[in-house]
Amino acid sequence: MSKINKITPLTHVKYLNLYELEAENKFGETHNYYVASRKDEHTMMAAKKKPITDGVIIYSLFGENNDKVIMIRQFRYPLNDYIYEFPAGLIDPGESVKETAVREMMEETGLNFTPADCEEFLHRPHFSSAGMTDETNCTVYGYASGKPNLDHLEPNEDLSVQLVDREEAKRILKEENLSVKAYYLLLHFLQSDPKDPFAFLHI
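Quick note, this note's numbering runs 21 ahead of the 1-based positions in the sequence shown.
In short, the hints are calculated from the structure, not lab data. Using N, Cα and C, we set each Cβ at its ideal position, and we do this for glycine too. Any given hint could turn out to be false.
Now the in silico label distances, taken between C-beta atoms and shown as ranges [claimed, not checked]:
id: 1; residue 1: F96; residue 2: E189; range: 17 to 25 angstroms
id: 2; residue 1: E189; residue 2: P114; range: 31 to 39 angstroms
id: 3; residue 1: A220; residue 2: K35; range: 24 to 32 angstroms
id: 4; residue 1: Y54; residue 2: L208; range: 41 to 49 angstroms
id: 5; residue 1: P169; residue 2: L222; range: 20 to 28 angstroms
id: 6; residue 1: A220; residue 2: E128; range: 26 to 34 angstroms
id: 7; residue 1: H33; residue 2: P215; range: 30 to 38 angstroms
EDC-like mimics (lysine to aspartate or glutamate), calculated; alpha carbons at most 16 angstroms apart, straight line [said to hold, decoys possible]:
id: 8; residue 1: K119; residue 2: D138
id: 9; residue 1: K202; residue 2: D179
id: 10; residue 1: K35; residue 2: E62
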């Protein structure tokens, strides 16, 4: 069975670090593997085998008929370009995932966010790119209200708020850079029933 024998930190910075893993494959042969993590070498997934949620992604309906979703178009340095995403952010110590979603929605869009009721398992963490990082996010579903503004952005955040209806969702899917989570959430938005858009939360 494949396993990790040793974890060696290669960098020491605040938000993200690179680690060298001494990996052992299913034949008992060892090799090096490199992974990025927001956690330290004692709490990362390779050490604990227990996912710890790093952040939230916010799927929020908007409008009198809940016929739009809130997205952001944000400049991302690794891409040197803009990408369409759903509002998201890291969980602060002591916060619940719902509290983080409310805070991040206000910070990124200026909108109020009301989480929808759902089964707790729908807030389980999921991995963003397991071949490169153990970063995890959970999705929080709900409703947004108010008027978008960018008064709460940090200096290095370059984004705009997008009120996306179904026609715009189709255009974004065809033409724009998208995060993988945004791709699937937009497909879900297009297929959901406007009369009961969160029916899937009660399975």
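Quick one, are K202 and D179 close enough, alpha carbons at most 16 angstroms?
-> Roughly 20 angstroms between the alpha carbons, so the hint for K202 and D179 is violated.
State, for the Cβ atoms of E189 and P114, whether the hinted interval 31 to 39 angstroms holds or is violated.
-> Taking Cβ atoms as reference, E189 and P114 lie about 37 angstroms apart, which means the hint holds.
Distance restraint hint 24 to 32 angstroms, applied to the beta-carbon atoms of A220 and K35 | 41 angstroms, violated
With a cut-off of 16 angstroms on the C-alpha distance, tell me whether K119 and D138 pass.
-> Since the Cα atoms of K119 and D138 sit roughly 11 angstroms apart, the hinted pair holds (cutoff 16 angstroms).
Taking the beta carbons of H33 and P215, is their distance inside 30 to 38 angstroms?
-> 49 angstroms, violated
Distance restraint hint 20 to 28 angstroms, applied to the beta-carbon atoms of P169 and L222 = The hint (20 to 28 angstroms, Cβ to Cβ) holds, given that P169 and L222 are roughly 25 angstroms apart.
For Y54 and L208, compare the CB-CB distance with the range 41 to 49 angstroms and indicate the outcome.
-> Given about 32 angstroms between the Cβ atoms, the range is violated.
Going straight from one Cα to the other, do K35 and E62 come out at no more than 16 angstroms?
-> Roughly 14 angstroms separates the two Cα atoms, so the pair holds.
Does the Cβ-Cβ separation between A220 and E128 fall within 26 to 34 angstroms?
-> 30 angstroms, holds
For the pair F96 and E189, does the Cβ-Cβ distance stay inside 17 to 25 angstroms?
-> 20 angstroms, holds
Comparing the model with each numbered hint stated earlier shows that hints 3, 4, 7 and 9 do not hold.
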